[in-house]
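Peer 1: Please model the entire structure based on the sequences and the hints provided.
Protein chains in written order, with UniProt numbering: chain A, 1 to 468; chain B, 1 to 468.
Hint data in this document are derived by calculation from the structure and do not stem from the laboratory.
Any given hint could be a false lead.
Note that identical chains are pooled: a pair holds if it fits in a single copy or bridges any two copies.
[Stated by the list, open to error] Result set (DSS-like, lysine-lysine): computed pairs, CA atoms no more than 25 Å apart in a straight line: (1) K76 x K237; (2) K295 x K22; (3) K120 x K57; (4) K22 x K366; (5) K295 x K237; (6) K237 x K221; (7) K22 x K120; (8) K387 x K98; (9) K98 x K295; (10) K306 x K76; (11) K387 x K366; (12) K57 x K366; (13) K221 x K76; (14) K22 x K306; (15) K57 x K306; (16) K57 x K22; (17) K306 x K237; (18) K221 x K295.
2 protein chains.
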Amino acid sequence: MARVLTPRAEDFPRWYQDLIAKAQLADNGPVRGTMVIRPAGYAIWERMQAEMDARIKAAGAENAYFPLFIPENYLKREAEHVEGFSPELAVVTHGGGKQLAEPVVVRPTSETVIGEFMAKWVDSYRDLPLLLNQWANVVRWELRPRIFLRTSEFLWQEGHTAHATAADARAYARRILHEVYEDFMVGVLGIPVVVGLKTARERFAGATATYTCEGMMGDGKALQMGTSHELGQNFAKAFDITYTSAERTVEHAWTTSWGTSTRMLGGLIMSHGDDNGLRVPPRIAPIQAHVMVVKAGDGVGEAAAKLRDALRDAGVRVGFDDRTDTPFGRRAVDAELKGYPVRVEVGPRDLAAGNAVLVRRTDGSKTPVPVTDVVGAVLAALEADQKALHDEALHRRESRTTEVTTLADAIAAAATGWARVPWSAVGAAGEAEANGQGVTVRCLLRADGSVPDTEDEPDLVAILARSY
Amino acid sequence: MARVLTPRAEDFPRWYQDLIAKAQLADNGPVRGTMVIRPAGYAIWERMQAEMDARIKAAGAENAYFPLFIPENYLKREAEHVEGFSPELAVVTHGGGKQLAEPVVVRPTSETVIGEFMAKWVDSYRDLPLLLNQWANVVRWELRPRIFLRTSEFLWQEGHTAHATAADARAYARRILHEVYEDFMVGVLGIPVVVGLKTARERFAGATATYTCEGMMGDGKALQMGTSHELGQNFAKAFDITYTSAERTVEHAWTTSWGTSTRMLGGLIMSHGDDNGLRVPPRIAPIQAHVMVVKAGDGVGEAAAKLRDALRDAGVRVGFDDRTDTPFGRRAVDAELKGYPVRVEVGPRDLAAGNAVLVRRTDGSKTPVPVTDVVGAVLAALEADQKALHDEALHRRESRTTEVTTLADAIAAAATGWARVPWSAVGAAGEAEANGQGVTVRCLLRADGSVPDTEDEPDLVAILARSY
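Peer 2: Written out as structure tokens, the structure is:
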């Protein structure tokens, strides 16, 4: 059989590009760095949105929408923020046929404009916490774009909250980190992310602390899958977000922000994909079971349609393919590429014996199953394969993480995976040295795996890796 | 009681602005013409999206996402299209700190960029119809902005489809018009829109036919709530969307596009709002029943919480307000403003008699109901009020529509409502004359109320009105 994709071992970046094109997930847009998300890719993003949105709402945040265009002067109010984002801005200079008096920037993120409105809406301590989220597009001009991972425009959710105390802000930033991001990524995406604190060097521009979820991809590199920030009083001071306390004093609020994006699609592909295409964990899969008519024959179409309906009635998200004028082999390759967790193949020969064939994408197994048992077998396979994909990714992370004690060994280990090294053996100077060799500190952890409050805590472990 | 809003009869536009501010639906953004959609407004938009999205998917279209930025040259390829949109474009001239070689426009609509990709994806007649939709923001620079109705940036869905024949394209544009737009607006928003054909003068820039849903607002003006377009082969020729037919000839496709936006929020407000605030039809209401603790007292909070849970278990979307440290009157005014269909007020006195008070927003009625009957009474009220709001809007449309026979009478009638006049008494010259007096032809209908194919059919009726 002709190979469909460049094998991962041969050229991982090319495999990634091939997969995105052949599985029809996305295309490059006409303006450099932009992307077109095709229906097969967007359907996964919609499932991500639904799962994340439910968790964000359960954490008490409400959705809103703030403008795409931000006055240039807003960004300048927080010094680190403008320094961090200036090189990436897209600037609108003309509107309605005229040059604008003040140029406006296309939002790279919305701390500034949301800060301005928080200041209007917050009056008393009773108005706090103010918990907002928006689903939106943002623009950060990219010189080295790669679909889903780094694009000039991407889709994301960005949460923005204001609190009365530093402790409340910290607790909420961490609640989102664990209850929304980690829970979703591990439990639904099947990606066993490591959750930790970013170093000062890797912090979000304008934050006092940045927490991160880091996933290990199929080639051993790290991908930052989502971040949650404590912004201290930086934006509250820049935008005058104040409240009157119960004691009638006027205080600045403490704010947070947190985001995850279409970059998670890249993480999904690079975590679970194999040389035959995508493998989508059942909980996030838009199509969980794909019923295929192998070839036309007596009662075959009807039997397939009946199975489709029975699966749907059992709550399974079902695809259906009875395009028997297209060769079955081509359709099967396409189903592999798109990564449907389970295929139910219905053909004349098996059906004559009362069977359909259950094909599991995760391990490639093909099992004849009596037609009457298909629903139960599919449900069991979906449950098992969700766990199998997670466990496979966890095994990779564990087997490709090396425990070392020196910076030099950590940099060496990062050639093929992750290094765990005492932070005291790295420090700011060691971090700069590692960066010079293409290796970054992904995050800091306590010895027990929990998330530290600051990088100054004793006995922290640093994870060093190459990354996307 | 101090009045909360400017009464509609005194100043309808001011009432509209007051309501949006006081009900906390939206704010003006910092860049002229942009808006901030606040959680109370956005929650309604999310319900609109969910209802529409289900209908769009039922009509076979798949969601995708195309870039915000479009090369300037794309817009120039379809002559009418560029002429229509040029005055409204926002142009990005700088990106990543550099002047761009070719300026890019922020999408005002996406026929061009989607046309470019349809051309890549369509090969054979088997690839047709290609049915796409996207939920996105678009920018059209507005000189006279008004929140939700005309804003420089708005949120919408835009559908784009390609077909093998003109007949198939027409059938699909009309299917969306009726099965998605009309069904949603009438059945869920409770707005009895009139569905008809736009005149050549009012057609979308680049279309061969534009169909529209027109609603009558509380002041008798018309609001265009959604449009569906046949684009003929205009965009297929400009972007070279061709397919190989079953007979092996190469043919240009026929395309459609169709859109509805956050403008529907303006329509909702102006259709159903009254002098006390918004009235939200139950089917679209994010909160259908709002349980309020009138004041603290023995077992009151517990009884209210029990009712909240019982309503939620019955599938009702429930709000809960036990902020008894805020005066009840203020909370009740706020609930009126926000337009929750039903309030369930639980206070010590009524509760002692075993009752809660059911307050219906639609007619203002207050009825003591035994606590054990609340769920049934709420369900019945929601059902009845959905119909009542629709019927009230229909009654207004009928009573404020005047049947006339001359252009002069039609223009006169449009001072206070809609005029129905034979299209033969208007024509292109009469339409221009009406426009000069601030009156437009909203749409054309057949005598039996059905939607004509062209404005040249005999015996058509024109609806003339002032509009937003």
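Peer 1: Determine for every hint whether it applies to the structure shown.
Peer 2: Okay, the hints, checked on the actual structure:
{"no.": "1", "hint": "K76 x K237", "result": "within (13 Å within a copy, 46 Å between copies)"}
{"no.": "2", "hint": "K295 x K22", "result": "within (24 Å within a copy, 63 Å between copies)"}
{"no.": "3", "hint": "K120 x K57", "result": "within (23 Å within a copy, 39 Å between copies)"}
{"no.": "4", "hint": "K22 x K366", "result": "within (23 Å within a copy, 62 Å between copies)"}
{"no.": "5", "hint": "K295 x K237", "result": "neither (68 Å within a copy, 38 Å between copies)"}
{"no.": "6", "hint": "K237 x K221", "result": "neither (38 Å within a copy, 46 Å between copies)"}
{"no.": "7", "hint": "K22 x K120", "result": "between (49 Å within a copy, 14 Å between copies)"}
{"no.": "8", "hint": "K387 x K98", "result": "neither (57 Å within a copy, 48 Å between copies)"}
{"no.": "9", "hint": "K98 x K295", "result": "neither (62 Å within a copy, 57 Å between copies)"}
{"no.": "10", "hint": "K306 x K76", "result": "neither (62 Å within a copy, 51 Å between copies)"}
{"no.": "11", "hint": "K387 x K366", "result": "within (19 Å within a copy, 54 Å between copies)"}
{"no.": "12", "hint": "K57 x K366", "result": "neither (41 Å within a copy, 32 Å between copies)"}
{"no.": "13", "hint": "K221 x K76", "result": "neither (35 Å within a copy, 44 Å between copies)"}
{"no.": "14", "hint": "K22 x K306", "result": "neither (30 Å within a copy, 54 Å between copies)"}
{"no.": "15", "hint": "K57 x K306", "result": "between (37 Å within a copy, 22 Å between copies)"}
{"no.": "16", "hint": "K57 x K22", "result": "between (36 Å within a copy, 24 Å between copies)"}
{"no.": "17", "hint": "K306 x K237", "result": "neither (63 Å within a copy, 43 Å between copies)"}
{"no.": "18", "hint": "K221 x K295", "result": "neither (43 Å within a copy, 59 Å between copies)"}
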